[in-house]
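*Asks:* Sequence:
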Amino acid sequence: MLSSDTSGIYRSWNMSIPQITKPSKLYNLEPIGIGTPYVESLTSYICRLAEAHSVRTGTLVLEEIIPHIPKHYSVRNGKVLYNNSGAINSCGEEASSKGTIIKILQDLCQRKDLSLLTMSNWKNFISLNSLHYTNRRWCPFCFEEWQTKQTTLYEPLLWKIKCLDLCPIHISLLVEKCGNKYCNKTNKHLGGNISIGFSEHCNGWLGIDTDNKENLKFNIKDQTNQGEFICSNLVQLIPIPQKQSGVKIKHILRRNILFLKEKINNQNLGDEIKKVRILLNNFLTSRSNLSLDSLLFICSTFGITISQLLDQEVQKVSLSNYCVTNEKKRINKKETY
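The numbering used here numbers the first residue of the sequence shown as 402 and each following residue consecutively.
Worth flagging that the hints you see were computed from the coordinates, not collected in a lab.
Heads up, some of the hints might be wrong.
[What the hints assert, rightly or not] In silico BS3-like pairs for lysine-lysine, Cα to Cα no more than 27 angstroms straight-line:
| no. | residue 1 | residue 2 |
| --- | --- | --- |
| 1 | 644 | 513 |
| 2 | 586 | 480 |
| 3 | 644 | 676 |
| 4 | 644 | 563 |
| 5 | 550 | 480 |
Using the sequences and the hints, build the whole thing.
*Replies:* Written as structure tokens, this is what we have:
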């Protein structure tokens with residue numbers, strides 16, 4: 402006689418409807434360098450996305466991005482968007498036209514990490530005003546190395562920051578004009594015919610130009626300590642907001658600035674400290690964020706790094722060197738009279 406218990410014979414079936422991921426209209430292209438100091442910029446990502454679809458950058462922008470921008474924004478005009486394309490890399494509020502471009506691309510590509518390709522995650526602790534450079538800039542040595550190694554060409558977010566003039570890897574000046582003597586034009590961050598590693602105007606290679614190679618070598622050897630200081634600090638800055646929230650960073654920054662303010666209260670330490678004291682007081686008494694230049698000036702004056710200021714404790718900061726330095730300046734000033 403057959404047993405009525407069939408549980409050991411037949412498997413149970415899961416009849417629930419599986420979760421189906423929404424298909425993306427455009428390729429789910431992986432950004433380069435997320436979590437590192439050399440993360441890709443959003444305008445670079447747009448150019449690579451167009452290349453992945455075998456279309457001009459202008460075609461992608463005009464047919465896929467602009468139609469999704471709300472009608473009341475002026476950047477729905479392609480020329481206006483191209484002329485202001487540098488701001489795409491430093492976009493702030495989600496409600497802004499540049500913030501909307503992040504959302505549009507994330508929907509089209511079904512990604513959630515494209516804000517990390519901009520400076521928008523800095524908005525809680527750094528003023529985004531005048532943060533980006535107007536024209537496209539690049540390091541010819543980086544392009545040349547990447548092409549030689551057959552790695553993907555791209556433009557790091559670092560190259561888009563206004564106060565950065567040097568490539569942190571080669572300590573050479575970033576270039577903003579095509580090396581072709583018959584072209585010698587600047588490029589916007591986005592354009593109809595723009596392609597990574599090549600001039601928008603003449604399609605000339607932006608790597609090392611043999612006619613200009615000696616001048617580039619000279620640039621490497623002729624840099625100031627200030628330029629290298631900015632390089633090293635921006636390399637430290639880029640990954641911080643990729644790993645923790647801007648609100649937490651601002652909390653750490655405020656705590657450290659309170660400590661630094663107490664450190665220099667009622668001390669006569671010279672003109673630089675006086676300027677810093679004004680910056681610290683303004684930050685603590687107002688709701689506005691400090692500019693990146695101001696943060697770097699504070700770091701330079703106190704002899705700390707931007708990662709210490711934004712991500713660590715600064716209670717071990719010593720001002721003894723600055724007391725000596727400013728005393729020497731005061732003595733030298735007297736001797737000149």
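*Asks:* Give a verdict on every hint.
*Replies:* Checked hints:
1. 644 with 513: holds, 14 angstroms
2. 586 with 480: With Cα atoms ~17 angstroms apart, residue 586 and residue 480 stay inside 27 angstroms; holds.
3. 644 with 676: Roughly 32 angstroms separates the two Cα atoms, so the pair is violated.
4. 644 with 563: Between residue 644 and residue 563 the Cα gap is close to 23 angstroms, so the pair holds against 27 angstroms.
5. 550 with 480: Status violated; Cα separation ~35 angstroms.
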